[in-house]
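Novice: Sequence:
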Amino acid sequence: MWTDETRLRHDRSGLRYTHDLMDEEWTEIEALIPPAKPGGNKRTVNVREVLNGIMYLLGTGCQWRDIPKDLPPKSTVHDYLDRWDYDGTLELIHHTLYIKCREQAGREASPTAAVIDSQSVKSAEKGGPASIRMVMTRGRKSKARSVTSSSIRRAC
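The opening position of the sequence shown corresponds to residue 0 in numbering that gives the first Met the number 0, with each subsequent residue numbered one higher.
The set of hints was computed from the structure by calculation and includes no laboratory data.
A hint or two may mislead.
Stated by the list, open to error - Quick list of the computed label-pair ranges, beta carbon to beta carbon: (1) Asp116 - Arg42: 41 to 51 angstroms; (2) Thr95 - Thr43: 19 to 29 angstroms; (3) Trp1 - Glu102: 19 to 29 angstroms; (4) Val44 - Ala108: 27 to 37 angstroms; (5) Asp3 - Glu24: 18 to 28 angstroms; (6) Gly38 - Gly58: 31 to 41 angstroms; (7) Gln118 - Leu57: 33 to 43 angstroms; (8) Asn40 - Trp1: 20 to 30 angstroms; (9) Leu57 - Asp116: 24 to 34 angstroms; (10) Asn40 - Arg101: 38 to 48 angstroms; (11) Asp3 - Gly87: 24 to 34 angstroms; (12) Gln62 - Glu29: 37 to 47 angstroms.
We put the beta carbon where it would ideally sit given N, CA and C, even for glycine.
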């Protein structure tokens with residue numbers, strides 16, 4: 000329930016963008032971000048700003064080219080998003096925050112019941128989460144020759 004206390008805690012008016020992480024949110028996530036790769040150059044990018052860029056992109060639904068100039072470049076944001084998706088960092092962040100939210104609500108960390116409707120079953124049969132990744136990747140042209148035209152007989 001919204002109270003004066005919760006409204007103050009969730010007020011984002013002092014932030015640069017409404018999707019930027021507040022200090023309290025950043026402290027929850029910071030430990031889950033993997034360190035820079037060993038043997039490489041020192042990390043020069045501000046990882047919090049990269050995460051702000053990802054949150055801006057996901058929150059506004061804007062195009063990659065429309066990420067504001069005061070956030071890291073779109074190539075940097077995209078590279079980190081892709082890397083964290085591949086290595087499971089995003090899933091770890093989501094799972095950790097999910098458990099914390101359930102515990103704050105006074106529930107067990109893992110749900111004990113689920114409701115499945117017919118629409119959910121239909122989407123799972125079609126591919127579910129695996130089909131989401133296909134939307135984000137660029138389509139490839141087939142190098143194979145089309146057999147449609149050669150298999151159709153012409154009526155004389």
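Novice: If a hint holds in the structure, say so; if it doesn't, say that too.
Specialist: Tested hints:
{"no.": "1", "hint": "Asp116 - Arg42: 41 to 51 angstroms", "verdict": "holds (45 angstroms)"}
{"no.": "2", "hint": "Thr95 - Thr43: 19 to 29 angstroms", "verdict": "holds (27 angstroms)"}
{"no.": "3", "hint": "Trp1 - Glu102: 19 to 29 angstroms", "verdict": "holds (21 angstroms)"}
{"no.": "4", "hint": "Val44 - Ala108: 27 to 37 angstroms", "verdict": "holds (33 angstroms)"}
{"no.": "5", "hint": "Asp3 - Glu24: 18 to 28 angstroms", "verdict": "holds (21 angstroms)"}
{"no.": "6", "hint": "Gly38 - Gly58: 31 to 41 angstroms", "verdict": "holds (35 angstroms)"}
{"no.": "7", "hint": "Gln118 - Leu57: 33 to 43 angstroms", "verdict": "violated (24 angstroms)"}
{"no.": "8", "hint": "Asn40 - Trp1: 20 to 30 angstroms", "verdict": "violated (46 angstroms)"}
{"no.": "9", "hint": "Leu57 - Asp116: 24 to 34 angstroms", "verdict": "holds (26 angstroms)"}
{"no.": "10", "hint": "Asn40 - Arg101: 38 to 48 angstroms", "verdict": "holds (40 angstroms)"}
{"no.": "11", "hint": "Asp3 - Gly87: 24 to 34 angstroms", "verdict": "violated (39 angstroms)"}
{"no.": "12", "hint": "Gln62 - Glu29: 37 to 47 angstroms", "verdict": "violated (28 angstroms)"}
Hints 7, 8, 11, 12, counting from the list given before, are not met by this structure.
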